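A.B. asks: Line order of the protein sequences matches chains C and X.
No gaps in the numbering here: position 91 of the first sequence is 91 in our numbering, and each next residue is one more.
No gaps in the numbering here: position 35 of the second sequence is 35 in our numbering, and each next residue is one more.
It should be emphasised that the hints constitute simulated quantities derived from the structure, not laboratory data.
Because the structure is a prediction, the values reported are computed rather than measured.
You may find that some hints are simply not true.
Unchecked claim - With the Cβ distance kept under 10 Å, some of the chain C side facing chain X (calculated, not the full set):
id, residue
1, Glu64
2, Thr66
3, Ala67
4, Asp76
5, Asn199
6, Gly201
7, Leu204
8, Trp224
9, Gln225
Stated by the list, open to error - Sample of chain X residues with no beta-carbon within 10 Å of chain C, all distances over it, derived:
id, residue
10, Leu5
11, Glu16
12, Gly38
13, Glu81
What the hints assert, rightly or not - Derived pair list, reagent style DSS-like, types lysine-lysine, alpha-carbon separation capped at 30 Å:
id, chain 1, residue 1, chain 2, residue 2
14, X, Lys13, C, Lys145
15, X, Lys11, C, Lys145
16, C, Lys116, C, Lys59
Beta carbons are placed, not taken as given, at the ideal position from N, Cα and C, and that holds for glycine.
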Amino acid sequence: MSDGGDPLASLPPGQGRSFVLIAATVIVTLLSTTLSVLTGDIPVDKRSSTYEQMSADTKAMQDEDTANPGMLWVLDGEVAWRTRTGAAGRSCADCHGEASSTMKGVAARYPAFDTKRSAPVDMEERINICRTEHQRAPALAFESKELLALSAYVARQSRGMPIESSDARLTPFIAAGRDIFERRQGQLNLACVHCHNDNWGQKLAGVPIPQGHPTGYPLYRLEWQTLGSLQRRLRNCLIGMRAEIYPYGAPEYVALETFLMWRARGMPMESPAVRP
Amino acid sequence: MASALINVPTKAKRGEIIAIKTLISHHMETGFRHTETGVPIPRDIVTRFVATYNGEEIFSAQLYPAIAANPFITFSTVATESGTLEFKWTGDNGFAATEQAKIIVE
């Protein structure tokens with residue numbers, strides 16, 4: 001300052017300091033309220049599937065079963081469903097029967113709580129549990145063609161059905177998933193919310209930012225040129241944030257998946273979806 | 001592996017233009033990629049697609065490494081007579097796939 005004096009010197013002793021303190025508190029409060037508004041959940045009626053942001057061509061690809069490459073995996077999955085395997089010599093169909101009725105709506109409520117593990121398991125993990133415990137066959141590798149085929153076939157049976165997340169036992173895992181979703185991480189110091197809650201609909205490197213609802217997994221991503229699971233997609237985002245990725249099957253992914261399904265509750269399933 | 005998805009109308013009027021859609025399962029490895037240790041991954045693509053209508057060639061295409069995995073080829077033709085449409089894909093490493101679809105022309 002030109003006069004070099006303390007701007008607070010003209011005020012009675014003590015009063016200036018407390019004024020500054022109060023002002024700072026007000027500003028901090030304001031900032032934190034603004035921040036909490038910014039990072040709030042997307043209102044239920046404002047939620048939309050990434051499908052809505054896609055081009056007409058990509059939408060047409062998803063909508064028509066003979067143009068949707070994800071259907072190749074579904075057809076494979078149907079064969080795998082009926083194939084006897086493992087030491088038990090049983091197929092999925094031997095226990096579960098016709099997937100079109102027994103698997104209807106199942107994928108829409110996964111990850112589901114597993115009492116034996118006291119934790120939620122996702123669709124891929126459930127298939128592997130069935131394989132190792134009931135079929136006595138080796139577990140399938142994450143992102144392997146056969147595992148994706150089976151999960152695509154099962155998920156296909158829920159197409160059009162609303163996502164369900166009503167199991168109270170999932171509550172702590174939803175909270176854990178939310179914690180990861182809202183936590184800053186990686187070299188870019190970003191949290192999932194910064195893109196998917198605060199800036200959806202904007203562009204990132206020319207590409208529209210989606211709200212990030214897992215309505216169509218496993219899905220065919222044109223960028224991948226193959227089908228992939230939600231865990232693969234989550235790894236993709238983590239790499240983009242320059243954060244450390246969790247290994248496949250990590251509880252962090254399952255918690256995120258559980259939270260994301262809760263976040264998308266009520267939205268219709270699209271599996272196998274097509275994304276750019 | 002389910003090899004292909006075909007969409008041909010089952011019925012058409014004589015002289016009608018019909019759309020035909022085909023999707024073949026193939027990873028279309030370009031030959032330009034390397035493994036993590038630097039070993040080139042050899043090219044493995046579908047190189048040719050031919051469609052015949054009652055034995056007569058109605059559409060063909062040559063495919064190159066820039067074409068994405070699981071090539072989706074769609075074209076149109078005129079429904080002239082009832083019969084069979086046959087689709088053939090051939091490619092590297094002896095790849096060959098054939099699919100058929102019947103059409104009734106009234």
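A.B. asks: Does each hint hold? Answer for all of them.
C.D. replies: Verification of the hints:
1. Of the supplied interface hints, the one on C:Glu64 holds, with its beta-carbon coming within about 7 Å of a beta-carbon of chain X, less than 10 Å.
2. Taking 10 Å as the C-beta cut-off, the interface hint given for C:Thr66 holds, the closest approach to chain X being about 4 Å.
3. The interface hint given for C:Ala67 is met, as the beta carbon of that residue sits about 6 Å from the closest beta carbon of chain X, less than 10 Å.
4. Hint on C:Asp76 holds. Least Cβ distance to chain X is approximately 5 Å, under the 10 Å limit.
5. The beta carbon of C:Asn199 comes no nearer than 29 Å to any beta carbon in chain X, farther than 10 Å, and the hint placing it at the interface is violated.
6. Among the interface hints, the one on C:Gly201 is violated; its C-beta lies about 27 Å from the nearest C-beta in chain X, farther than the 10 Å criterion.
7. At about 23 Å, the closest approach between the beta carbon of C:Leu204 and any beta carbon in chain X exceeds 10 Å, and the interface hint on this residue is violated.
8. Taking 10 Å as the C-beta contact cut-off toward chain X, the hint placing C:Trp224 at the interface holds, the least distance being around 9 Å.
9. A hinted interface residue such as C:Gln225 counts as satisfied when its beta carbon comes closer than 10 Å to some beta carbon of chain X; here the least separation is about 4 Å, so the hint holds.
10. For X:Leu5, the condition that its CB be more than 10 Å from all CB atoms of chain C is violated, with the nearest at approximately 5 Å.
11. Every CB of chain C lies more than 10 Å from the CB of X:Glu16, the least distance being 19 Å, so the non-interface label holds.
12. Taking the minimum C-beta to C-beta distance to chain C, about 22 Å, the non-interface status of X:Gly38 holds against the 10 Å cut.
13. Non-interface status of X:Glu81 relative to chain C is upheld: no Cβ of that chain comes within 10 Å, the nearest being about 23 Å off.
14. At most 30 Å may separate the alpha-carbon atoms for a hinted pair to count; X:Lys13 and C:Lys145 exceed this at roughly 41 Å.
15. Between X:Lys11 and C:Lys145 the alpha-carbon distance is near 35 Å, which puts this suggested pair outside the 30 Å criterion.
16. At roughly 40 Å between alpha-carbon atoms, C:Lys116 and C:Lys59 are farther apart than 30 Å, so this suggested pair is violated.
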